[in-house]
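Build the full structure now, drawing on both the sequences and the hints.
Protein chains: 6
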Amino acid sequence: MRDYSFDVDFLVHPLSSVLTRAGNTRVISSVSLSDTVPSHVVSGGWLTAEYSLLPASTSTRFKRERSGVSGRTAEIQRIIGRSLRMSVDMQAFSGYTMTVDCDVLDADGGTRTTSVNGGMLAVAIACKRMQERGIVEKSPLKSWIGAVSGGIIDGEIVIDLDYEHDSRAESDFNFVFAENGRIIEIQGTAEREPLDEKVFLELLAESRSCALQLIKKMKTVAGLE
Amino acid sequence: MRDYSFDVDFLVHPLSSVLTRAGNTRVISSVSLSDTVPSHVVSGGWLTAEYSLLPASTSTRFKRERSGVSGRTAEIQRIIGRSLRMSVDMQAFSGYTMTVDCDVLDADGGTRTTSVNGGMLAVAIACKRMQERGIVEKSPLKSWIGAVSGGIIDGEIVIDLDYEHDSRAESDFNFVFAENGRIIEIQGTAEREPLDEKVFLELLAESRSCALQLIKKMKTVAGLE
Amino acid sequence: MRDYSFDVDFLVHPLSSVLTRAGNTRVISSVSLSDTVPSHVVSGGWLTAEYSLLPASTSTRFKRERSGVSGRTAEIQRIIGRSLRMSVDMQAFSGYTMTVDCDVLDADGGTRTTSVNGGMLAVAIACKRMQERGIVEKSPLKSWIGAVSGGIIDGEIVIDLDYEHDSRAESDFNFVFAENGRIIEIQGTAEREPLDEKVFLELLAESRSCALQLIKKMKTVAGLE
Amino acid sequence: MRDYSFDVDFLVHPLSSVLTRAGNTRVISSVSLSDTVPSHVVSGGWLTAEYSLLPASTSTRFKRERSGVSGRTAEIQRIIGRSLRMSVDMQAFSGYTMTVDCDVLDADGGTRTTSVNGGMLAVAIACKRMQERGIVEKSPLKSWIGAVSGGIIDGEIVIDLDYEHDSRAESDFNFVFAENGRIIEIQGTAEREPLDEKVFLELLAESRSCALQLIKKMKTVAGLE
Amino acid sequence: MRDYSFDVDFLVHPLSSVLTRAGNTRVISSVSLSDTVPSHVVSGGWLTAEYSLLPASTSTRFKRERSGVSGRTAEIQRIIGRSLRMSVDMQAFSGYTMTVDCDVLDADGGTRTTSVNGGMLAVAIACKRMQERGIVEKSPLKSWIGAVSGGIIDGEIVIDLDYEHDSRAESDFNFVFAENGRIIEIQGTAEREPLDEKVFLELLAESRSCALQLIKKMKTVAGLE
Amino acid sequence: MRDYSFDVDFLVHPLSSVLTRAGNTRVISSVSLSDTVPSHVVSGGWLTAEYSLLPASTSTRFKRERSGVSGRTAEIQRIIGRSLRMSVDMQAFSGYTMTVDCDVLDADGGTRTTSVNGGMLAVAIACKRMQERGIVEKSPLKSWIGAVSGGIIDGEIVIDLDYEHDSRAESDFNFVFAENGRIIEIQGTAEREPLDEKVFLELLAESRSCALQLIKKMKTVAGLE
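Residue numbers (the working numbering), protein chains in the order written: chain E, 1 to 225; chain V, 1 to 225; chain C, 1 to 225; chain R, 1 to 225; chain F, 1 to 225; chain D, 1 to 225.
Just so you know, these hints were derived from the structure itself, not from any lab. Please note: incorrect hints may appear among the correct ones.
All copies of an identical chain are treated as equivalent in the list; a pair is satisfied when it fits inside any one copy or across any two copies.
Stated by the list, open to error - Distance condition first, Cα-Cα at most 25 Å in a straight line; then the derived BS3-like pairs of lysine-lysine:
(1) 198 with 216
(2) 63 with 216
(3) 142 with 219
(4) 219 with 63
(5) 198 with 142
(6) 128 with 216
(7) 138 with 217
(8) 142 with 63
(9) 216 with 142
(10) 198 with 138
(11) 219 with 138
(12) 198 with 63
(13) 216 with 138
(14) 128 with 142
(15) 217 with 142
(16) 138 with 63
The model shown is predicted, which means the values in this text are computed figures rather than measured ones.
Below you can see the structure in the form of structure tokens.
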């Protein structure tokens with residue numbers, strides 16, 4: 001796994017924000033709070049996520065998505081939002097929406113897992129602050145989560161793929177685990193070769209181990225261990 | 001698993017088409033062939049998929065996506081396309097694009113797996129016809145694939161969830177397997193409770209078994225056993 | 001006129017639905033009911049229609065209209081909606097909107113008249129059900145309507161043009177009649193040669209005769225004769 | 001019929017332009033020539049039309065159509081374009097597109113027929129100029145056309161309806177005739193009451209008579225009698 | 001400066017309208033009143049502006065902006081709206097929005113300044129009428145404003161640039177002044193050569209002088225001197 | 001003027017990038033090079049700019065502009081692009097486009113001037129690198145430029161307004177100067193009170209002085225003094 005570092009309160013305005021670095025990948029994850037919920041929410045609060053690449057974050061300039069987003073962006077946003085909703089009790093912040101914005105400064109593989117991890121830390125800090133400021137009675141934080149990507153390259157398991165790895169991988173999976181080691185989300189494809197179950201299980205185990213390390217590190221950073 | 005039936009050549013015009021029924025869910029999957037490829041394709045052919053719900057396919061009318069598609073639609077299209085690309089050798093139909101359109105007539109859960117399965121059968125038939133018509137020398141079909149959804153309801157494993165199941169499920173996974181039993185795609189979330197690995201593995205095993213049955217059935221329908 | 005057949009309750013969810021076949025043309029017309037009306041409606045209910053071609057319904061794949069609809073689609077939707085509004089008393093379902101979705105499975109000419117006819121049958125059945133379910137006191141059905149296309153090919157009148165006819169026609173008209181034989185809508189163009197009034201009148205008479213036959217057939221199907 | 005007046009070359013830049021007044025309705029119809037044709041044109045030239053209401057042209061301000069056009073606008077544009085294509089021989093200006101822009105300054109009913117008539121005069125003048133400037137060998141003008149609206153109000157035929165008439169009309173038809181009296185386009189709906197054929201035929205006859213008067217007047221204005 | 005003429009009440013429907021001619025440039029500026037204000041307005045009324053080129057207003061046909069407006073249009077609209085808001089006391093028409101539509105019939109340079117000037121006259125007349133009709137107690141008119149463009153061509157100052165001037169200008173500025181000679185808006189760029197301050201000050205002085213002449217002329221036209 | 005700092009090569013991938021801080025405002029300006037030019041460019045290269053606020057950059061979350069940009073964004077982008085084009089000789093990088101992306105991390109007033117200044121430094125460094133890498137023969141850098149905002153608050157001149165200043169300012173101007181002190185761009189409005197010319201001239205002088213200081217500082221940072 002690449003070196004991870006977290007720079008808390010990187011931005012001036014939002015409730016919380018984290019600049020997460022994983023190797024050469026850097027993502028700002030921030031939490032903004034609004035006192036409305038989308039119409040499909042019948043009780044409790046809501047948490048949603050948005051994901052965006054800065055145009056200069058990729059080796060060839062990425063065209064801004066100003067007339068609708070690509071399928072890739074839509075898919076990634078959904079994974080981030082779904083995963084982070086599992087980390088909180090949305091009944092605990094009824095009437096509020098937490099928007100987690102994940103803006104990629106530098107993309108070198110693993111932007112979706114880096115977004116989830118930075119988002120997790122930002123959400124944890126936001127929960128603490130909501131409690132401190134009397135917005136909620138008790139912290140909505142339910143369980144830390146951790147995200148790790150993993151793939152098979154030349155038959156070998158590689159964890160936390162950078163861009164060069166990613167483009168050579170035979171399969172490419174993203175895992176999100178709860179702090180008790182249970183599975184939150186699996187999303188992956190055998191892009192070159194169908195994957196043997198035995199190999200998949202090794203991948204799952206190694207990914208869990210890395211995710212749990214990351215969760216531990218994030219807790220330390222948040223002073224919430 | 002619900003009853004599956006396949007109605008081949010349901011439509012008049014496309015190269016191939018299948019009306020697939022899984023319980024109360026019905027999807028038309030069709031293959032259209034064009035002699036161009038997208039600009040990102042450097043060699044070989046391409047296969048892409050689109051997914052759409054008819055407005056009257058859902059219990060409350062579904063608003064047509066006429067100014068961009070939702071994240072859900074984008075995500076499903078990508079899963080269908082990625083999975084089906086693993087079933088063919090795209091070098092074998094260089095310069096051509098196969099577009100797999102999946103239009104849902106009735107939605108009662110499992111529309112994405114039904115789309116993949118109907119798409120698989122339509123792709124297999126299309127491959128045979130491309131060879132028969134001399135468009136390609138040998139059939140581009142590489143491996144049949146089969147898709148199955150599975151979830152945990154009240155702690156029990158349920159395969160091929162209908163809408164009522166789906167809305168109660170604690171976790172909700174979609175699996176795609178190759179005919180040799182290997183993993184093509186896993187995409188799933190623990191929407192209520194993080195999932196224990198042991199339970200996940202049972203889910204994986206049962207899903208594989210059902211997917212292999214489906215592949216067998218589709219081969220029979222195609223007369224390609 | 002081509003063979004017409006009507007397959008009632010083709011879909012699972014909507015209030016009513018009909019799969020209409022006219023030769024090789026097939027259209028699903030369904031009625032969905034919602035308990036709101038558009039802001040321009042000051043009293044009574046409303047009926048509106050949408051029209052869409054499945055991508056695989058045409059001989060060359062038809063690109064989905066996902067960023068706005070073409071002028072052709074807009075024009076057809078308006079004709080269907082205007083015509084069907086004449087079949088009902090909208091004061092009789094105050095506060096409700098009937099949405100008639102016309103989705104073309106196979107297009108071989110005459111998709112707009114097939115849509116109107118299938119829509120008529122679906123509307124009639126919907127009206128009966130609204131009354132049976134106590135949503136309205138008496139059926140809002142005011143008059144059955146029937147739609148027929150007609151054109152001039154090599155100087156000869158042809159009724160209910162298929163695609164091959166349509167592309168050769170010197171003029172191309174669509175007629176909608178009430179069950180008492182009166183005119184509801186005429187929309188047509190002399191696409192190659194201006195049309196003599198005498199010939200137009202013959203076209204009108206033959207079209208009326210066919211429309212009245214269709215209405216009779218639809219009433220039988222609906223058991224509402 | 002209301003007073004009609006034509007103000008030729010109202011604009012500075014286009015190949016030809018006409019400000020047409022019909023009662024309180026005023027429309028600028030202009031012809032711009034470009035040396036390309038749309039991809040669907042396989043031989044000859046093309047003529048297309050666009051229609052737009054100025055925001056201040058209606059009694060309540062009309063919102064600019066800046067993110068797609070309404071169905072009404074789409075339908076009207078198609079009628080104008082279809083009708084005017086019948087006035088020219090498009091083989092005679094191969095490789096060129098004539099774009100007829102119809103911009104409504106004041107709307108008081110009959111904007112589509114006023115657009116067609118102003119467009120006809122602008123097209124006729126454009127054809128003359130294309131010949132004079134050596135762009136084409138002979139004038140592409142094939143037949144003058146004239147457009148008239150007509151409706152039934154309290155059982156009486158009214159020709160060239162203004163807005164107040166239009167909102168009370170039981171049926172509302174638009175007719176386009178060639179200079180030899182033949183029918184080019186009929187587009188109309190019985191918006192309140194189905195229309196008796198006998199009454200329709202009177203409407204047709206009166207409309208033709210008015211259209212032929214208009215054609216005569218336009219020819220005088222163009223000096224092309 | 002080119003000849004300016006103002007044709008008041010050019011349109012039938014809006015509260016006020018002016019056709020302004022500056023040389024070969026012609027713009028319709030109209031004021032429509034609605035009894036709502038945008039959500040960002042916390043007290044008082046609002047004034048906003050829209051700007052549009054007719055397709056045939058330019059030497060090469062200008063494509064209608066039907067799927068979003070260009071940056072140029074957006075920028076011009078903002079300048080017109082900002083300037084005209086300085087001419088009125090928006091507290092005096094609380095709850096109302098004045099929409100100033102500037103539609104360019106012929107573009108030969110200076111369309112934004114011509115829009116502002118025609119808009120000013122239309123706003124002044126609208127204010128008088130709002131008072132006369134009892135919509136407001138006293139006229140919201142606070143100060144007349146006048147707009148003038150100026151540039152440097154071959155080192156010489158030119159005021160009120162036409163298109164030919166504009167395309168040769170080394171710098172190109174737009175000035176808006178209040179009737180007391182003070183500055184309302186400056187917006188300009190040295191498009192070829194950075195501009196010496198001394199030359200800029202001469203440009204400013206000459207532009208002010210012309211703007212004050214224009215204001216005088218507009219007052220005379222409005223009978224509000 | 002607030003403290004300015006420049007962090008060169010803040011991003012991994014683009015040709016050059018600068019994180020510019022002005023007080024609490026932070027903007028990333030980067031230069032990406034592509035070997036195409038827009039169709040309106042007849043000779044030489046091109047430079048264009050894009051501007052975007054991160055959602056969390058503002059005190060209330062800013063909604064991503066994913067279906068078209070606001071007028072404010074469009075206007076700012078144009079100012080940045082126009083100004084920076086004056087800093088380079090576009091004939092010197094024929095066939096190439098420099099895209100200057102300005103992404104605001106924290107917004108506390110002056111984001112457009114901060115974008116221009118960071119853009120200037122990034123462009124200067126990009127020019128040097130283009131020469132070093134043999135893409136161009138000599139550096140396309142023609143003149144450094146510097147941007148400063150200034151306004152009048154309670155009758156006093158304030159330079160480089162932060163958000164609190166900006167919202168109280170009677171007038172609000174943005175100036176761009178060349179390194180020889182000449183004027184490149186002025187864009188400003190008296191938002192509360194028309195501005196006296198004398199005061200404007202003081203504002204202009206102070207702004208120039210600050211802009212020249214900034215240019216000096218940027219040259220030092222670039223090592224290009």
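**Message:** Run through the hints listed earlier and report the numbers of any the structure violates, in increasing order.
**Reply:** Hints 2, 4, 8, 10, 12 and 16 are the ones this structure does not satisfy, whereas the remaining hints hold.
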